[in-house]
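S.K.: Sequence:
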Amino acid sequence: MIKLLIAVVAIALAYWIYRLKKQHFFVRHKSPEPVITTLEGAEVRAFLDWDTPTECLRDDGLRCGEQFRAKQPPDLPHSERCQCEAVKLFYTSAEVFQGTSTPTSRKSGLGELPGEVALALRLLLLELHDSSIKESFMEFWERLGAERIPKEWQEPMRQLLSQTHDGLHHTPEST
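The numbering used here numbers the first residue of the sequence shown as 9 and each following residue consecutively.
I should point out that these hints are in silico values taken from the structure, not numbers from a laboratory. Check before you lean on any hint, since a few could be wrong.
Claimed, not checked - Straight-line C-alpha distance at most 30 Å; calculated BS3-like pairs for lysine-lysine: (1) 159 x 115; (2) 11 x 30; (3) 29 x 11; (4) 38 x 11; (5) 142 x 159; (6) 96 x 79; (7) 79 x 30.
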């Protein structure tokens with residue numbers, strides 16, 4: 009009798025486990041794939057040259073759109089010398105939030121610049137515009153150093169920055 013009871017319990021247990029497996033109770037679910045969404049927006053791109061206005065340099069690289077901090081791009085053109093353009097862009101959420109997006113090439117007075125070189129030029133131009141220190145261009149160049157600029161771009165950028173320095177520090181009495 010005990011053997012019969014053990015057999016019935018074993019069959020009932022086997023049937024119960026079979027039903028649970030059919031209901032996917034024991035199935036391990038794969039970890040969900042991350043959801044990649046596309047972020048749509050616009051990016052302000054300034055034409056980097058010796059006479060680029062300060063407000064253009066400040067807004068260069070500004071990303072606008074529904075998912076970005078700035079919802080609307082600034083009114084363009086900034087001034088009569090402004091050559092900025094608002095370029096449509098699409099990013100995946102991974103590019104934005106994980107920092108995998110790379111700077112894109114830019115138009116400039118030196119031609120098409122790689123993204124990193126354009127960023128360095130923009131920062132140097134901003135430094136020249138914002139500098140309250142009255143110094144010669146050579147002092148400025150030595151103070152900031154050229155080590156963050158690739159070798160092939162150092163001389164053209166030095167000439168462009170020198171022209172910017174001369175344009176900013178040109179006074180009517182010096183002519």
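S.K.: Compare the structure with each hint and give your call.
M.R.: Hint-by-hint comparison with the structure:
1. The straight-line distance between the Cα atoms of residue 159 and residue 115 is roughly 19 Å, inside the 30 Å bound, and the hint therefore holds.
2. The hinted pair formed by residue 11 and residue 30 meets the criterion: a straight-line CA distance of about 29 Å does not exceed 30 Å.
3. This hinted pair checks out: residue 29 and residue 11 have alpha carbons roughly 27 Å apart, not beyond 30 Å.
4. This hinted pair does not check out: residue 38 and residue 11 have alpha carbons roughly 42 Å apart, beyond 30 Å.
5. About 27 Å separates the Cα atoms of residue 142 and residue 159, which keeps this hinted pair within 30 Å; it holds.
6. Restraint check for residue 96 and residue 79: satisfied, since their Cα atoms lie roughly 13 Å apart, inside the 30 Å limit.
7. With a C-alpha separation of about 50 Å, the suggested pair residue 79 and residue 30 falls outside the 30 Å cut-off, and the hint is violated.
Taken one by one, the earlier hints fail for this structure at numbers 4, 7, listed in ascending order.
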